[in-house]
Amino acid sequence: GQQVMQIPQYQHVQEGEDFTTYCNSSTTLSNIQWYKQRPGGHPVFLIQLVKSGEVKKQKRLTFQFGEAKKNSSLHITATQTTDVGTYFCAGRRGNKLTFGGGTRVLVKP
Amino acid sequence: KAGVTQTPRYLIKTRGQQVTLSCSPISGHRSVSWYQQTPGQGLQFLFEYFSETQRNKGNFPGRFSGRQFSNSRSEMNVSTLELGDSALYLCASSLNIATNEKLFFGSGTQLSVL
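Chains as they are written, first to last, in my numbering: chain Z, 1 to 109; chain P, 1 to 114.
Next comes chain Z alone, as it looks inside the complex:
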């Protein structure tokens, strides 16, 4: 079946530094979504990527969809304490949406 893997599982970041989290699918995707879950909260939709090679930005967050539509990345610049949480990617293939295991981000002030 379809598998979506995220790396790293944990990311410790110094405040002000940049980091990237990666999402890899075992199959070609029709689109990919990213969600953020704050500690004690529920996942909240961030963005959806549909086109091959697509890049979208949300302030300090840059999302990219791979050319083969099998992988994606989320890059955060100048990390802030408000970026703490778990970031999930979710790959869509047909009518199935499969979530990755998430990257838990911890920020050191």
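If you're looking for bench data, these hints aren't it; they were derived computationally from the structure.
Treat the numbers as computed from the prediction; the structure is a model and nothing was measured.
In this text, a Cβ means the ideal position worked out from N, Cα and C, and glycines have one as well.
Among the clues, some could well be false.
Derived CB-CB ranges, DEER-like [to be verified]:
{"id": "1", "chain 1": "P", "residue 1": "GLY84", "chain 2": "Z", "residue 2": "GLY40", "range": "46 to 52 Å"}
{"id": "2", "chain 1": "Z", "residue 1": "ILE7", "chain 2": "P", "residue 2": "LEU11", "range": "29 to 35 Å"}
{"id": "3", "chain 1": "Z", "residue 1": "GLY53", "chain 2": "P", "residue 2": "THR7", "range": "40 to 46 Å"}
{"id": "4", "chain 1": "Z", "residue 1": "ARG38", "chain 2": "P", "residue 2": "ALA98", "range": "25 to 31 Å"}
{"id": "5", "chain 1": "P", "residue 1": "ASN71", "chain 2": "Z", "residue 2": "VAL44", "range": "32 to 38 Å"}
{"id": "6", "chain 1": "P", "residue 1": "THR7", "chain 2": "Z", "residue 2": "GLU67", "range": "25 to 31 Å"}
The calculated SDA-like cross-link candidates involving lysine to any residue, where the alpha carbons are at most 25 Å apart (straight line), are [stated by the list, open to error]:
{"id": "7", "chain 1": "P", "residue 1": "LYS57", "chain 2": "P", "residue 2": "ASN71"}
{"id": "8", "chain 1": "P", "residue 1": "LYS1", "chain 2": "P", "residue 2": "SER51"}
{"id": "9", "chain 1": "Z", "residue 1": "LYS36", "chain 2": "P", "residue 2": "GLY42"}
{"id": "10", "chain 1": "P", "residue 1": "LYS102", "chain 2": "Z", "residue 2": "HIS75"}
{"id": "11", "chain 1": "Z", "residue 1": "LYS96", "chain 2": "Z", "residue 2": "ASN71"}
{"id": "12", "chain 1": "Z", "residue 1": "LYS36", "chain 2": "P", "residue 2": "PHE45"}
{"id": "13", "chain 1": "Z", "residue 1": "LYS56", "chain 2": "Z", "residue 2": "GLY1"}
{"id": "14", "chain 1": "Z", "residue 1": "LYS70", "chain 2": "P", "residue 2": "ASN100"}
{"id": "15", "chain 1": "Z", "residue 1": "LYS36", "chain 2": "P", "residue 2": "SER51"}
{"id": "16", "chain 1": "Z", "residue 1": "LYS56", "chain 2": "P", "residue 2": "LYS102"}
{"id": "17", "chain 1": "P", "residue 1": "LYS102", "chain 2": "Z", "residue 2": "PHE45"}
{"id": "18", "chain 1": "Z", "residue 1": "LYS96", "chain 2": "P", "residue 2": "PHE64"}
{"id": "19", "chain 1": "Z", "residue 1": "LYS51", "chain 2": "P", "residue 2": "GLU101"}
{"id": "20", "chain 1": "Z", "residue 1": "LYS56", "chain 2": "Z", "residue 2": "ASN71"}
{"id": "21", "chain 1": "P", "residue 1": "LYS57", "chain 2": "Z", "residue 2": "THR28"}
{"id": "22", "chain 1": "P", "residue 1": "LYS1", "chain 2": "P", "residue 2": "THR99"}
{"id": "23", "chain 1": "P", "residue 1": "LYS1", "chain 2": "Z", "residue 2": "GLN48"}
{"id": "24", "chain 1": "Z", "residue 1": "LYS59", "chain 2": "Z", "residue 2": "GLN3"}
{"id": "25", "chain 1": "Z", "residue 1": "LYS108", "chain 2": "Z", "residue 2": "THR82"}
{"id": "26", "chain 1": "Z", "residue 1": "LYS59", "chain 2": "P", "residue 2": "GLU101"}
{"id": "27", "chain 1": "Z", "residue 1": "LYS96", "chain 2": "P", "residue 2": "PHE45"}
{"id": "28", "chain 1": "Z", "residue 1": "LYS96", "chain 2": "P", "residue 2": "ARG63"}
{"id": "29", "chain 1": "Z", "residue 1": "LYS36", "chain 2": "P", "residue 2": "ARG9"}
{"id": "30", "chain 1": "Z", "residue 1": "LYS56", "chain 2": "Z", "residue 2": "VAL107"}
{"id": "31", "chain 1": "Z", "residue 1": "LYS96", "chain 2": "P", "residue 2": "GLN17"}
{"id": "32", "chain 1": "Z", "residue 1": "LYS57", "chain 2": "P", "residue 2": "LYS102"}
{"id": "33", "chain 1": "Z", "residue 1": "LYS70", "chain 2": "P", "residue 2": "ARG9"}
{"id": "34", "chain 1": "Z", "residue 1": "LYS36", "chain 2": "Z", "residue 2": "GLY94"}
{"id": "35", "chain 1": "Z", "residue 1": "LYS96", "chain 2": "P", "residue 2": "ILE97"}
{"id": "36", "chain 1": "Z", "residue 1": "LYS96", "chain 2": "Z", "residue 2": "VAL107"}
{"id": "37", "chain 1": "P", "residue 1": "LYS102", "chain 2": "Z", "residue 2": "ILE7"}
{"id": "38", "chain 1": "Z", "residue 1": "LYS36", "chain 2": "P", "residue 2": "ALA98"}
{"id": "39", "chain 1": "Z", "residue 1": "LYS59", "chain 2": "P", "residue 2": "PHE64"}
{"id": "40", "chain 1": "Z", "residue 1": "LYS57", "chain 2": "Z", "residue 2": "VAL44"}
Based on the hints, put chain P in the right spot on chain Z.
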């Protein structure tokens, strides 16, 4: 607009019992999905309902079941509870079942099985 509402917020049960969780989607949303979240396991898909019909099902045993009512509200039931069923159960709604729909999650029901 009110968000996705899940009840109860917390639940404690013992092994062998059964439990029913409730989810009210955002007004106008017709698709409801259920996920199980455990530490280190991410979000595991349980099932998806649209127009009172189960459209998609994850790899969970038959002890896990669900249904959707005509007003789009959904319930999930877990029978013969096991210790491993302890988890946060999240419900998510979307407008339709189209492949480009984003999910709106509720706050979840934290189930503890003793």
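For each hint, the structure was consulted:
Checked against the given bound of 46 to 52 Å, the beta carbons of GLY84/P and GLY40/Z, roughly 22 Å apart, lie outside it. At roughly 34 Å, the beta-carbon separation of ILE7/Z and LEU11/P lies within the given 29 to 35 Å, and the hint holds. Distance hint check for GLY53/Z and THR7/P: the Cβ-Cβ separation is about 43 Å, which falls inside the suggested range of 40 to 46 Å. Take ARG38/Z and ALA98/P: their Cβ atoms lie about 28 Å apart, and the range 25 to 31 Å holds.
At roughly 25 Å, the beta carbons of ASN71/P and VAL44/Z sit outside the given window of 32 to 38 Å. Range check, THR7/P to GLU67/Z: about 45 Å between beta-carbon atoms, so the 25 to 31 Å window is missed. Simply put, LYS57/P and ASN71/P have alpha-carbon atoms about 21 Å apart, close enough for the 25 Å limit, and the pair holds. Annotation: proposed proximity of LYS1/P to SER51/P holds, straight-line Cα distance about 21 Å (limit 25 Å).
Restraint check for LYS36/Z and GLY42/P: the C-alpha separation of about 12 Å stays at or below 25 Å, so the hint holds. Simply put, LYS102/P and HIS75/Z have alpha-carbon atoms about 21 Å apart, close enough for the 25 Å limit, and the pair holds. The suggested pairing of LYS96/Z with ASN71/Z holds, with an alpha-carbon distance near 16 Å, which does not exceed 25 Å. Annotation: proposed proximity of LYS36/Z to PHE45/P holds, straight-line Cα distance about 17 Å (limit 25 Å).
The suggested pairing of LYS56/Z with GLY1/Z is violated, with an alpha-carbon distance near 29 Å, which exceeds 25 Å. Restraint check for LYS70/Z and ASN100/P: satisfied, since their Cα atoms lie roughly 17 Å apart, inside the 25 Å limit. Using a Cα cut-off of 25 Å, the hinted pair LYS36/Z and SER51/P is violated, with the two alpha carbons roughly 28 Å apart. Between the alpha carbons of LYS56/Z and LYS102/P the distance comes to roughly 16 Å, so the proposed pair stays at or under 25 Å and holds.
Between LYS102/P and PHE45/Z, the direct Cα distance comes to roughly 7 Å. Compliance with the 25 Å bound is thereby established for this hinted pair. Of the pairs offered as hints, the one joining LYS96/Z and PHE64/P holds, with about 19 Å between alpha carbons and a cut-off of 25 Å not exceeded. Between the alpha carbons of LYS51/Z and GLU101/P the distance comes to roughly 15 Å, so the proposed pair stays at or under 25 Å and holds. For the proposed pair LYS56/Z and ASN71/Z, the alpha carbon gap of about 15 Å is at most 25 Å, so the pair holds.
Distance restraint check for LYS57/P and THR28/Z: the Cα-Cα separation of roughly 20 Å lies within the 25 Å cut-off, and the hinted pair is therefore satisfied. Of the pairs offered as hints, the one joining LYS1/P and THR99/P holds, with about 23 Å between alpha carbons and a cut-off of 25 Å not exceeded. Between LYS1/P and GLN48/Z the CA atoms are separated by roughly 22 Å; this keeps the pair inside 25 Å, and the hint holds. A C-alpha spacing of about 30 Å is found between LYS59/Z and GLN3/Z, which places the hinted pair above 25 Å, so the restraint is violated.
For the hint pairing LYS108/Z with THR82/Z, the CA-to-CA distance comes to about 11 Å; that is within 25 Å, so the pair holds. Annotation: proposed proximity of LYS59/Z to GLU101/P holds, straight-line Cα distance about 23 Å (limit 25 Å). Restraint check for LYS96/Z and PHE45/P: the C-alpha separation of about 9 Å stays at or below 25 Å, so the hint holds. Between the alpha carbons of LYS96/Z and ARG63/P the distance comes to roughly 22 Å, so the proposed pair stays at or under 25 Å and holds.
Distance restraint check for LYS36/Z and ARG9/P: the Cα-Cα separation of roughly 20 Å lies within the 25 Å cut-off, and the hinted pair is therefore satisfied. In summary, the hint linking LYS56/Z to VAL107/Z is supported, as the alpha carbons are separated by about 23 Å, within the 25 Å threshold. Only pairs whose Cα atoms come within 25 Å are accepted, and LYS96/Z paired with GLN17/P is rejected, the gap being roughly 31 Å. Under the criterion of a C-alpha separation no larger than 25 Å, the hint pairing LYS57/Z with LYS102/P is consistent with the structure, at around 18 Å.
The suggested pairing of LYS70/Z with ARG9/P is violated, with an alpha-carbon distance near 36 Å, which exceeds 25 Å. Our distance criterion of 25 Å between C-alpha atoms is met by LYS36/Z and GLY94/Z, whose separation comes to about 23 Å. Proximity of LYS96/Z to ILE97/P is assessed by CA-CA distance (about 10 Å); at most 25 Å being required, the pair is judged to hold. The straight-line distance between the Cα atoms of LYS96/Z and VAL107/Z is roughly 33 Å, outside the 25 Å bound, and the hint therefore fails.
Distance restraint check for LYS102/P and ILE7/Z: the Cα-Cα separation of roughly 23 Å lies within the 25 Å cut-off, and the hinted pair is therefore satisfied. A threshold of 25 Å between alpha carbons decides the hint, and for LYS36/Z with ALA98/P the separation of about 22 Å falls inside it, so the pair holds. As the CA atoms of LYS59/Z and PHE64/P are separated by approximately 41 Å, the hinted pair breaks the 25 Å bound. A hinted pair counts as satisfied when its Cα atoms are at most 25 Å apart, and LYS57/Z with VAL44/Z qualifies at roughly 17 Å.
In the structure shown, a violation is registered for the earlier hints numbered 1, 5, 6, 13, 15, 24, 31, 33, 36, 39, in ascending order.
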